[in-house]
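> Spelled out, the chains give:
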Amino acid sequence: KQEVTQIPAALSVPEGENLVLNCSFTDSAIYNLQWFRQDPGKGLTSLLLIQSSQREQTSGRLNASLDKSSGRSTLYIAASQPGDSATYLCAVRNTGNQFYFGTGTSLTVIP
Amino acid sequence: DTEVTQTPKHLVMGMTNKKSLKCEQHMGHRAMYWYKQKAKKPPELMFVYSYEKLSINESVPSRFSPECPNSSLLNLHLHALQPEDSALYLCASSQGPAPWSNQPQHFGDGTRLSIL
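Protein chains in written order, with our numbering: chain A, 4 to 114; chain B, 1244 to 1359.
Next comes chain A alone, as it looks inside the complex:
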């Protein structure tokens, strides 16, 4: 079974810093990988989707990379803002059509 791990579990940074969130998965036979943010008590907001054939996706201050062979993805957030504070989740879609979410990283950006 696919296992998806996110490190660190929690991260606190001062406003303006650049930061990297990590996502690791054990089975490289993935279809795609999606990054989400979740605010407390809310649903998930899709940030970026990377297909298995892609290496990188960018949206505004966010950049996600994928190294399928090593089972890793990173989410880079530039010039962090207090509004970026949330839990960030990665999710992989296996070619076996199953979805697996990572354990999440709780981000706090301090003004």
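Check the hints yourself; a few may be wrong.
[Said to hold, decoys possible] Some, not all, of what chain B presents toward chain A, calculated at C-beta under 10 Å:
1) Pro1251
2) Tyr1276
3) Tyr1278
4) Lys1284
5) Leu1288
6) Phe1350
7) Gly1351
8) Arg1355
9) Ser1357
10) Leu1359
Derived by calculation from the structure, the hints in this document are not laboratory data.
On a predicted model such as this, the values are computed, not experimentally measured, just so you know.
Cβ atoms here follow ideal geometry from the backbone N, Cα and C, with glycine treated the same way.
Given the structure of chain A, go ahead and fit chain B onto it with the hints provided.
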């Protein structure tokens, strides 16, 4: 505002009650999903519907009964739930035929369910 609407936002029910959760989307998506999320845990997939037909059931207990009456609507019927079923129930949708869709999932804000 989310494009996937879930009602109710909160639900408290006894173990003998019967209730239903509702999910609606008008994006023309043909795949819809139910997830269960416990506090401080990631979402866990429960069911996937593709073109109104159940395509994935992740060994969910029969006290949870999904229904997809049309392409815009997804229900989750609840009966004889247990206290450990208390969680946030999330609905999602995506374009194209599931489960082979390469399009992103869009989530609702969820229903917070508490079982007394």
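> Taking the hints in turn, state whether each one holds.
Going through the hints against the structure:
1. Pro1251: violated, 14 Å
2. Tyr1276: holds, 8 Å
3. Tyr1278: holds, 8 Å
4. Lys1284: holds, 8 Å
5. Leu1288: Interface hint status for Leu1288 of chain B: holds (5 Å vs cutoff 10 Å).
6. Phe1350: Given a least distance of 4 Å, the restraint on Phe1350 of chain B holds.
7. Gly1351: Holds, about 5 Å.
8. Arg1355: holds, 7 Å
9. Ser1357: Cβ of Ser1357 of chain B sits 13 Å from chain A, so the hint is violated.
10. Leu1359: Violated, about 20 Å.
Checked against the numbered hints above, the structure violates hints 1, 9, 10; every other hint is satisfied.
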